[in-house]
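Protein chains: 2
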Amino acid sequence: MTLDQIETPAALIDRPRMMRNIERMQTHMDGLGVAFRPHVKTSKCVQVARAQRDAGARGITVSTLKEAEQFFTAGFSDILYAVGMVASKLPRALALKRAGCDLKLIADNLESANAIAEFGRLHGETFEVWIEIDTDGHRSGVKPGEARLIDIGRALNQGGARLGGVLTHAGSSYELNTPDALAALAEQERAGCVHAAERLRHAGLPCDVVSVGSTPTALAARHLEGVTEVRAGVYVFFDLVMRNVGVCDTADLALSVLTTVIGHQADKGWAILDAGWMAMSRDRGTAKQTHDYGYGQPCTLDGAPLEGYALAGANQEHGILASTGQPDTDIAARLPVGTRLLILPNHACATGAQYPVYHARSGEGRIEVWERFYGW
Amino acid sequence: MTLDQIETPAALIDRPRMMRNIERMQTHMDGLGVAFRPHVKTSKCVQVARAQRDAGARGITVSTLKEAEQFFTAGFSDILYAVGMVASKLPRALALKRAGCDLKLIADNLESANAIAEFGRLHGETFEVWIEIDTDGHRSGVKPGEARLIDIGRALNQGGARLGGVLTHAGSSYELNTPDALAALAEQERAGCVHAAERLRHAGLPCDVVSVGSTPTALAARHLEGVTEVRAGVYVFFDLVMRNVGVCDTADLALSVLTTVIGHQADKGWAILDAGWMAMSRDRGTAKQTHDYGYGQPCTLDGAPLEGYALAGANQEHGILASTGQPDTDIAARLPVGTRLLILPNHACATGAQYPVYHARSGEGRIEVWERFYGW
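Which chain is which? The protein sequence lines are S and V, in order. Its first residue numbered 1, the first sequence is counted upward by one per residue in the UniProt record's numbering. Its first residue numbered 1, the second sequence is counted upward by one per residue in the UniProt record's numbering.
Just so you know, these hints were derived from the structure itself, not from any lab. Careful, some of the hints might be misleading.
[As the list claims (entries may be wrong)] According to the in silico footprint, chain S covers these stretches of chain V (three or more CB under 8 Å from chain S):
| no. | segment |
| --- | --- |
| 1 | 337-350 |
| 2 | 353-362 |
[Said to hold, decoys possible] A partial selection of chain V residues facing chain S, derived with a Cβ cut-off under 7 Å:
| no. | residue |
| --- | --- |
| 3 | Met1 |
| 4 | Thr2 |
| 5 | Leu3 |
| 6 | Gly84 |
| 7 | Asn109 |
| 8 | Asn157 |
| 9 | Gln158 |
| 10 | Thr260 |
| 11 | Ala312 |
| 12 | Glu317 |
| 13 | His318 |
| 14 | Gly375 |
Because the structure is a prediction, the values reported are computed rather than measured. From the three backbone atoms N, C-alpha and C, an ideal C-beta is built for every residue, glycine too.
Okay, chain S solo, but in the shape it has when bound (with noise of 0.2 Å):
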C-alpha cells in the first residue's frame, strides 16, 4: 500500500518520527533517574504504546476503563486509571485486578477514597490508590499542605485499599512558552507532589511512588529530586499546540490527516478538502496561542508546510485551505482536483480520536494498519 491508495481522510503516523519522540523522552527520563509512564490516551493503539514499552517505559497511564481492559488484554499489566474513581465505576476496577491486571486507581476527595476502600472490604480486594494532587490549580487534585490530604491517606490505609503514592499533572505547561517558564512550572509540579509525598510519609503513611508530568514540564524538568516516576501522552506524536508551547519543531509532528482536495472557490482562493472537523477535531488549540494554525497547517506529501496557508474553516467533512494572506486566486491550478496533502493538527489526542485506524508509514514508505479504539 502506498500513501495514493490510502482512501482519504486518514490519519498518518510518520514512525521515524514517532520513534525519534519516544526515544527523545525515554533517554530524557533515563537521565533524569526516573521511570516513565506514558498516557495512552494520546494513540489508544496498542503499536504504539509497544513501542514506547520497548524503549524502556515502565506502565502506562490510561484515561477509561476501556483503555485499561484493551490494553489488559494486550499484554500490559501496570495500568495506572489517571481519572478521579468514582463508586459507579468500581465493579469494572474490581474485574480487570481479579483479572490479574496491577491496575491503581486515584481519589482527591474523602468520599471517594471511602467508597474505594469500602468496596474493597466488600469484596475482599485491596485497590491500590494514589492520591491526585493539584500543584498548579488547573483541574483536580487536593493541594499539597491541605489539611485533608492526611485525612485521604488515612481512608486508604484502613483495609480495602492500600495508599500507593500521589501524583500531579501541571496541565497548565500548555498555557506556557518559554524554556523558563515551563522549567519553573516543572520545578514547582515536581517540588508540590514531593511535599505531598514527605506530608503522608510524616503522618506515619506510606507513599512509594512520586508520580509527576505532562509532556512539557517533563521535556522541561532539570531534576527530579524525589520524584519516582514521570507520566506524559501527546510527545508521542507532538502537535502543533505543542509546537508553539515550545518543545517541538514542526518537523517533529508524526501524526498528520492525509486529504485530497475535492473542489475550489477560485476567487476566494479556497482549496475545498476532504477534511473537515470530523477528520481534524474541531479542536482549535492553538486559536490562543503566538501562531493560530486555524484547523490545522497544510503540508505537501512528502512532510513540507504549505508555508502562508492554513486550513482555515472546516464544516464536518469539507475543510477549507486557504492563503493566511492575500487570497491565492491561482489555488485552482497549484492544488488542482485530486491533489493529496497532509494536515498536521492542533491537537493530535483529538484528531487520533476521530479515527478507527491509523495508517503507519515505515522511513521506506511501507504502510501498516494499526487499530485504534474509542469509547468508554
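Starting from the known structure of chain S, fit chain V onto it as the hints suggest.
Leaving out everything else, chain V in the frame of chain S:
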C-alpha cells in the same frame, strides 16, 4: 436498564423529543409540498434513520461513503452522497451501484464531472450526479449564474453519468438568529437553486431534482416553489447552537451526555465531571452566539437546566462545571461526588460522533442501546 445503571459518560437520546422533532420537520415539509431527505450524518444510527423514514422521509443524505455502505446494508437504497466526488472514491461508489444501491453523487467542477463520466463509461455504469450550487457563499458549489454550470451539466450528459438535478445547502443559516433573516436566507437558497435548474433546462439539459436545505432554512421556509426536496440533519436532535439560532427551545434537545460528578475544587466553585471534551467534543459553536454555553448546559436527570451553571472547561476526560456568575462555593454540597447530570451539547453532530452507541430512552424510561458508527 435505568439511568443509574448506564456507565458514564454516555450519549443519551430522549426518544419522545426526537420523535417530536422528526414529526415537526416532516409536517412542515408535507405542508410545503416537498419531499424530505434527512441528512443522517447527525446520528449515523440506523434506528434514528428508520424513525425518520417511518415518519415520511424519502431517501437519505450521507456525508461519507461509509455511511452510504452502512445504511445501504441496513436497507436504505435511495442515498445521496452530498460531498463533492473525486476520482479516487469512484471504485467504492461503483461497488455500491453494482450492489443495487440507488446512489447519487455530486460535483461542482468540471474535473470531477469528467472524472465521474469517464469512470462510468469505462465500467459500463451510469452515475446519477447532481450539481452542487453555491447560494450563500459559505462553502462549495457553482454560483447559480456562472457560465461553467452549463459546461458541468453537459459533461454529465454524455454517457457514464446522468445529470439528475441540482442541490444547495445554505449553511450560513447557522450564523443567523431572527425569523426574518432565516426566512430571507431560505428564499435566497430556494431562488438560487431554482435559477440554476432553470438555466440547465434552458440549455436543454435534464434537471429533475431541485434539492435545498439546512435545518434553519428548512424550518424557516415560507414557500418552496420549484423545489422538489429538502435536506436537513441536526433537527433530529437539535442542540444549543440551534437554540441560539432560534429554531428550537432547550426543551427540544433530544441528545445529551450523561455524566457523573467525580470531584470538586470547592474554593473555586468547580464540580469536576467525567465528561470532558472527549465526551462533549471540542465544539464551541455557541462561543460566538448570543448565549455562550461553554462546553454545554448542565441539567438534572429529569432534563431541567441547572440555570446559572455551565460546563465552563474541558480536558480530555474531565469537565469543569461552574456557576456562570459568582463562584458557587457550596457546590460540593449541592452536587456531591457521584451525582449524575445531563449535559446538553453545543453541536449534536460533533458530540454524537464521540460515541460507539447511543442510549435511547423511551417516555416510560425504558433504555435501548443503539449502535452508531464512525470513520470513513
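Structure-based check of each hint:
1. 337-350: holds (count 5)
2. 353-362: holds (count 5)
3. Met1: Violated: closest Cβ of chain S sits about 14 Å from Met1 of chain V, beyond 7 Å.
4. Thr2: 12 Å, violated
5. Leu3: 11 Å, violated
6. Gly84: For Gly84 of chain V, the interface hint holds, since the closest Cβ of chain S sits about 4 Å away, which is under 7 Å.
7. Asn109: 5 Å, holds
8. Asn157: Hint violated; Asn157 of chain V Cβ to chain S Cβ min 20 Å, cut 7 Å.
9. Gln158: Nearest chain S Cβ about 19 Å off; hint violated.
10. Thr260: 5 Å, holds
11. Ala312: Hint violated; Ala312 of chain V Cβ to chain S Cβ min 12 Å, cut 7 Å.
12. Glu317: 4 Å, holds
13. His318: 6 Å, holds
14. Gly375: OK, holds: Gly375 of chain V within 7 Å of chain S, min 4 Å.
Violated hints, in rising order: 3, 4, 5, 8, 9, 11; the structure is consistent with all others.
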